[in-house]
Amino acid sequence: MAVHKRSDLGTILDEITRGAPKQIYLCCGERYLCRQAAASIEQAFLEHGGGTSHAIDGAAEDPARILSRLQSLSLLPGWQVYRVSDSRLFLSRAVGPELWDKAHKAHQDNKTESSARYLAQLLALAALTDEQPGIFTALSEQQWQTAFGFSRPADNPAWADEILARHRPPAPAGGGDATERLITAIENGLPGRNILLLLAETVDKRKRLYNAIKKHGQVVDCSIAEGASRAAQDQQKGIVRELAAATLKELGKTIEPQVLEQLFERIGCHPVAVVREVEKLALYADERTQITGADLDLLIGRTREEAVFELSEAVAARNTSQALIILHQLLRDGIHALAIIATLRNFLRRLLIFKSLQLLPQPAWSRSMSSSQFQSSYLPALKDGGRWPELLTGHPYALFMSFSKAADWSLPTLKHGLTRLLEAEFRLKGTPLPAHIILEEMLVTITAAATPRPPTR
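Residue 305 in the UniProt record's numbering sits at position 305 of the sequence shown, and the numbers go up by one each step.
If you are wondering where the hints come from, they were derived from the structure by calculation, not from laboratory data.
The hints are all genuine.
In the PhoX-like style, the derived pairs of lysine-lysine whose C-alpha atoms are separated by at most 25 Å in a straight line are:
#1 Lys-405 / Lys-415
#2 Lys-383 / Lys-355
#3 Lys-105 / Lys-237
#4 Lys-214 / Lys-22
#5 Lys-249 / Lys-237
#6 Lys-215 / Lys-205
#7 Lys-207 / Lys-5
#8 Lys-237 / Lys-253
#9 Lys-105 / Lys-405
#10 Lys-249 / Lys-280
Hey, can you work out the whole structure from these sequences and the hints?
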């Protein structure tokens, strides 16, 4: 099984330099890391044998046309590397929930182009187009389930239609049975010195194409572990250190070890952001060879995502003073008051749903439940029940922590909090009162709500 972690990329590059390469490579996972790995593979071919690189946009190119080019002998000398970015050959209804979650998260992070790309992939796997205005809103619950393979989200999906209306990615061309013919070509071997290099963020590993590549080619797994487990955190920090070290080496700079740790805390494991922010720090340092904590504090504040998460955590803990401090930081950083309202509404709504699930007779929730019991028995039973599947797809430990927070609240208090949020939203839109006063009153009201902590369930 030729599946390699990104850390094992050197083994693949050694095979290429020794003149014993495969003819097909798949880099799957985080987009920036995929492109970085693909660039290394491509460079290895061109440096050891020469040749030409052919860049193909997999999001718009007809798979049949790609196959036709692969099966043609080139008159050009050396390796002919066909690099297909954003390939849709591995999509299926099995990855529908993941695509929707990625699109929704990108929308919340104001990454419109990324969100549009994921939404277009979601429509493509269901053989739908965005030519009909409001395609997501128009689908009924049954049509949504049939098309995408998961339940229609409770939230209004109009935001998805608005994104596609403003930013329409290239429409994918049809490929007929091109995938099956590509599998046959992989099994029989590509002509001449043709090399196929595929890049895909989301892959259904049950597909025959994936298994054919795994058998006859090389797969590079560039995914990043999610969640807050020790193993996930170690991998994420390792990637940040690696990218930062490589960028600093190119620019002839070093960084204090504790500053690198702070960089991870502020940016998280977002490869593109890590590279860009390290470049910014290096350029600011100018003639100095080492980047300091003062540089970091001056140039890189806490990200919006991190600060909003801390506000939600403060509200969950009913820490009024901390919630007010974070609120003013967010407003000072230019975060719109309605965006803060929307984030807290999603947070409390999520707690409300988890609390209602805890009150079900089966499966039975207990405050003494451990994370291992939650993961091995309680969570699978909830998923089997079919209620709110889109909210139960995250990392098990992160879900366990969310359920634990929900256990500290009562249903009336959560409903009261959502009511206060709605009132605050109406005031922001319809009164001349300063936004900070409206938000302060809202936070004090929500966090001060007394909730008796039940002794058992």
